[in-house]
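First to last, the protein sequences are chains R and Z.
In terms of my numbering, the numbers along the first sequence are unbroken and rise by one, the last being 551.
In terms of my numbering, the numbers along the second sequence are unbroken and rise by one, the last being 551.
Bear in mind the hints are in silico, worked out from the structure with no lab data behind them.
Since the structure is predicted, the reported quantities are computational estimates derived from the model, not experimental observations.
Among the clues, some could well be false.
When chains are identical, the list treats them as one kind, so a pair holds in a single copy or across two.
In silico DSBU-like cross-links for lysine-lysine, where the CA-CA straight-line distance does not exceed 30 Å [what the hints assert, rightly or not]:
(1) 354 - 515
(2) 354 - 415
(3) 417 - 354
(4) 89 - 354
(5) 415 - 89
(6) 417 - 89
(7) 354 - 501
(8) 501 - 415
(9) 515 - 417
(10) 515 - 501
(11) 415 - 515
(12) 501 - 417
2 protein chains.
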Amino acid sequence: MKVYVTGPRADIRVPFREVTLSGDAPAIRLYDTSGPGSDGPAVGLPPMRSAWAAERVAGGTQLRFARAGVATPEMEFVALREGVPVSTVVDELAAGRAVLPANVNHPESEPMIIGRRFLVKVNANIGAASPTSTPEEEVTKLRWATRWGADTVMDLSTGDRIHEVREAILRNSPVPIGTVPIYQALERVDGDPTRLSWELFRDTVIEQAEQGVDYMTVHAGLLLRHIPLAVGRVAGIVSLGGSMMAAWCLAHHQENFLYTRFEELCKIFARYDITVSLGNGLRPGSIADANDPAQLAELRTLGELAWVARRRDVQTMIEGPGHVPMHKIKENVDLQQEWCREAPFYTLGPLTTDIAPGYDHITSAIGAAMVAMYGTAMLCYVTPKEHLGVPNREDVKAGVIAYKIAAHAADLAKGHPGARAWDDALSKARFEFRWEDQFDLAIDPDTARSFHDEAVPAAPARIA
Amino acid sequence: MKVYVTGPRADIRVPFREVTLSGDAPAIRLYDTSGPGSDGPAVGLPPMRSAWAAERVAGGTQLRFARAGVATPEMEFVALREGVPVSTVVDELAAGRAVLPANVNHPESEPMIIGRRFLVKVNANIGAASPTSTPEEEVTKLRWATRWGADTVMDLSTGDRIHEVREAILRNSPVPIGTVPIYQALERVDGDPTRLSWELFRDTVIEQAEQGVDYMTVHAGLLLRHIPLAVGRVAGIVSLGGSMMAAWCLAHHQENFLYTRFEELCKIFARYDITVSLGNGLRPGSIADANDPAQLAELRTLGELAWVARRRDVQTMIEGPGHVPMHKIKENVDLQQEWCREAPFYTLGPLTTDIAPGYDHITSAIGAAMVAMYGTAMLCYVTPKEHLGVPNREDVKAGVIAYKIAAHAADLAKGHPGARAWDDALSKARFEFRWEDQFDLAIDPDTARSFHDEAVPAAPARIA
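All chains should be built: construct the whole structure from the sequences, respecting the hints.
Right, here's the structure in full:
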């Protein structure tokens, strides 16, 4: 059951999923990303943050307010949502150790925070991949992803209806929406990366900023001098954005315009309070390439850029790999935190082995749980279809749930206040054979219930 | 394609799955647990090790031979299978850091070794759970589990046909078979643990030993004085064997007869070269109970027992939890290795959170990969039905594959010689768009192929 906890002002209403239990077991409140109900995609969600944006007379980003010691309504909201003092939120934002992605033009989103002191977050990718997919279909995918706990959603749409699809997603999304603007820019030059330009990219960013995109991936750290470092790799450059920018740099014998124009880009981001997500264009695409000179050289540049963005009041996070064997995961986080001045880390997986296409939600949930335990703030999910095809509805669910498990396991390992209450409530219900309570508390009540119904009841223990 | 590599003598023929690749990519040989073909459950597998057992004139366990510096045919076999010098196998067995479970009465099994210097192994549990299941059904499950890579199988059958089912499993198993003899003993006293006795247990062990069971779980470390330590737990005693022995101790106000008679038990084990697996009767059944005084007190006793067993030439491994949050996993392995003189550790998962019934193959694959990286030698799988019901065929496959992934990820992290060749071969195939090679190299070619067929072809990268 959805309940709302009201904050210091009446218009701060923080949603939770409250699970009531049988007997005298106390109810438990869980973090809830599913958003308010809706009268359909055409209507969209209520613009709950409109008034808050209007209140910010001078404008400015959450980072700027935090540095000034001002707790915005968004900060009050996330403090309640995370169960931490608002001062922690302000401090972490001010230090650049956390971001609160909230474009002023996306008033429908419920504020959330990404940083190592907070609950580990999960991003799900969606996006129209065929010319025939409709805005309604993408909104359905969005709601499906947030129903299972996606904290942000990236719209990776391509195709003719890209603007329209993104508009529908934004107007119906209770979570921050991220994009990779180079994808749309590339559409405009018919997929020929050598025809990309700063002006074209800038205009694309502004178009998306006006619509309300909350964070954008920009591959500004991939420099001309890094490209030779990737030549001997087993898997080359697997990032689409990275390979496009590398192609542009090589064709023009010029430095990446996203790097040379980064200050200008930051001015745009600051105007809308868009969080910049510095893309990992040289992330390793195989175990053999993990933590190699190419990846680490780019990471150093991302650290420089993070500093530039922060000076411009732009909230910043850093993207990371990819494919990394377990013994090299901690080094990734440690270097990122050192070189990028503790900016939040946002990793794709990582996959801990390459041998299991069809099961990469599992190969990568292992890496995701570990990388989050070491300090990664947000995990980009991987679905079972990774490397094989476009995920369908069941794949999206499988990916989100595997990643919510990884994130929660990391929350427990980091000792996030309150994280263990969920485990304890479920284990107590299990010990006392309160089956309905177990199902209701499960991360996926439908599956737990149906597995139990179809099977012979379990003995108290399955093995010795 | 199955190929055999012949060892220093013509009757040592080690199976591998050879994957031939297109173009000039070299073929790759993978560890293969699927065993030889069979003319059906009634016929059974060829008793390949009969001659080897007969050669051991004086009798004695693999541990005894290793201590004498003698490389048995079984040791030669596993050295080839693991790609390590036979001296490593002899040394690790002699030091008690590895076990080679091979009952003299199970000549059908292909030798394998369990120890931290070797490939991480995976156990799958099967067993007739309903009175109507037939020996043929259990043999089908066994072959299914080993087809997907189970390195050992535990037969946890209960019911009227328990002896007959076990016989069918042993005669058809190319992998070592483990049991928990207390389960059968309990059947003989109609499920009333207070009626258990040493004599009954001993006779059950001998019956199973004669059939050829390769390793047996014995809950000999759960002592009367440990029981009060488990009283305040969230989940109590979740091990079935553990709870039975605790009930017996409390009812009789006597020390656990498996502890007091342990020397006698070791004499039986030595006679057949049965490996003892010291059960973790007080393993935590919830995150809240992890690494608690009850579990650790029992672990200390298991260390004592390991020493007793080793003196008697009995190969020994130590079972471990269970439910453990990520930050407490390493402590478990470190204490086990210290207290049990580096005897191989054999853990169930561990599950890293309690919140995901229906997905415990994933919650536990995370823990399994980590515990194996820290030094656990064998992982007992957990299926999606854990806590909910008896696993079906698809659950067995899902559990085995999740655990093979965890084991391989740990092999990579530990730098096992040759482990990365598999990842590199697959990633090279991926980079060169050799789709058929990718499918053939996949841990589950069927799933990889069908996911690719059903979906729109993937772009080179799924996210930025």
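Hint check:
Taking CA atoms no more than 30 Å apart as the test, residue 354 paired with residue 515 passes in neither setting, with 52 Å inside one copy and 42 Å between copies. For the identical chains of this complex, residue 354 and residue 415 are neighbours neither inside a copy (36 Å) nor across copies (45 Å), given an alpha-carbon limit of 30 Å. In the homo-oligomer, the alpha carbons of residue 417 and residue 354 never lie at most 30 Å apart, since the shortest distance is 34 Å inside one protomer and 47 Å across protomers. Taking the shortest Cα distances, residue 89 and residue 354 never come within 30 Å of each other, neither inside one copy (39 Å) nor across copies (62 Å).
For the identical chains of this complex, residue 415 and residue 89 are neighbours neither inside a copy (41 Å) nor across copies (34 Å), given an alpha-carbon limit of 30 Å. For the homomeric pair residue 417 and residue 89, neither the shortest alpha-carbon distance inside one copy (37 Å) nor that between copies (38 Å) is at most 30 Å. Taking the shortest Cα distances, residue 354 and residue 501 never come within 30 Å of each other, neither inside one copy (36 Å) nor across copies (47 Å). Proximity of residue 501 to residue 415 under the C-alpha cut-off of 30 Å is found in both arrangements, the shortest distances being 19 Å within a copy and 11 Å between copies.
Proximity of residue 515 to residue 417 under the C-alpha cut-off of 30 Å is restricted to the inter-copy arrangement: shortest distance 26 Å between copies versus 34 Å within a copy. Only within a single protomer do residue 515 and residue 501 lie at most 30 Å apart by alpha-carbon distance; the minimum there is 22 Å, versus 37 Å between protomers. For the homomeric pair residue 415 and residue 515, the shortest alpha-carbon distance between copies (21 Å) is at most 30 Å, but the shortest distance inside one copy (37 Å) is not. In the homo-oligomer, the alpha carbons of residue 501 and residue 417 lie at most 30 Å apart both inside one protomer (14 Å) and across protomers (15 Å), since each shortest distance falls under that limit.
Checked against the numbered hints given earlier, the structure breaks hints 1, 2, 3, 4, 5, 6, 7 and satisfies all the rest.
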